[in-house]
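Novice: Here's the letter readout for the chains.
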Amino acid sequence: MRPRRETKSGPPFLLNSVDRFGRQIAPAVLSVSMEIGPRALAYAQHLIGDPALAINYFEEAAASVSAAIEEKKVSGAPAVRNVAAYLFRTFIRMVDDAKYKEKILEESLKESVEARIPLTEEAQVEAAVLLNEVMETCDRASREVVVLRLEGFSWKEIGKQLAISSHAAEARFSKALDHARKAFKIRRPKG
Amino acid sequence: MRSPLPLPSASRKSKDHKRKPSVDKAFLELGRKHLAEDFPNPTRQGCPQDDVLRLLAEQPTKVEDSVLDHITLCSPCYTTYSRFLQQMKAKHSNRRSATRSSEPPRV
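Keeping their order, the protein sequence lines are chains A and B. The opening residue of the first sequence carries number 1 in this note's numbering; numbering runs sequentially from there. The opening residue of the second sequence carries number 1001 in this note's numbering; numbering runs sequentially from there.
Simulated from the structure, these hints should not be mistaken for laboratory data. Predicted model, so just to flag it, every value in this text is computed and none were measured. Worth double-checking, as some hints may not be accurate.
Restricting the straight-line Cα-Cα distance to at most 35 Å, the calculated cross-link-like pairs of lysine-lysine (DSBU-like) are [as the list claims (entries may be wrong)]:
1. K72(A) with K103(A)
2. K1025(B) with K101(A)
3. K156(A) with K1062(B)
Isolated chain A, as found in the complex (with noise of 0.2 Å):
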């Protein structure tokens, strides 16, 4: 009989119980964080290419989680439905943040030796994180029209398949994106 073929697996995805910042990550948030790990550290090293930051953001991903999930439960708030999904979507925002920060900087610094700045990158980041905000936060009818929007279907379209009005799409649309925008405007460091 022929011999099986062996998988090469990498090295084991190990995870602090604390963020740098000292903050605990909860048991049940850490069993996620090692499920989603992987997938989710491969992304933020195609963006960022540091591995050792990425792990960072990662635990600080976790242990956000881990205090959003206890606040909800002290505040009797409904429950996160979805732990994997909101971790994966906090982690996203927080790389996305990162990156659209150095790209600030990296701007700045270029300003005083080039008069234009391309937009192109940042734009793409902003529009990243905005759109995460909305899936992250919104209901799912909104979820639903901003992902039917995007794809290009008209107001009308979008509210037949949804079987609202062509202005409830829309305005569940704008409320979406001026709720993303605030929020992203609030985390935005300033200056």
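Once you have looked at the hints, place chain B on chain A.
Specialist: For chain B alone, coordinates are given in the frame of chain A:
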């Protein structure tokens, strides 16, 4: 008696209601690119069947929330879902044009 000219308030109202480009095209283009490219999932971890994605495109209310969550975190699934959406859109527009062409011309 009514003035044949538009009243000042009416003309102001029409100016206010002028359609402004609510969201720039760039956001839609970049957003779509983000979902379609930035979430690689080579091992297709947690991906639903294509049938489920087709159902999400055609009858979204019949599909669970988790599927919608998934497509916004998995570029391969988003791309498949996008293809189903475009197919559905094309089918609808073909049907509409066929109905229009079969109608008798208006006199």
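Novice: Determine for every hint whether it applies to the structure shown.
Specialist: Hints, verified against the model:
| no. | hint | result |
| --- | --- | --- |
| 1 | K72(A) with K103(A) | 34 Å, holds |
| 2 | K1025(B) with K101(A) | 24 Å, holds |
| 3 | K156(A) with K1062(B) | 21 Å, holds |
When each numbered hint is compared with the structure, no violation occurs for any of them.
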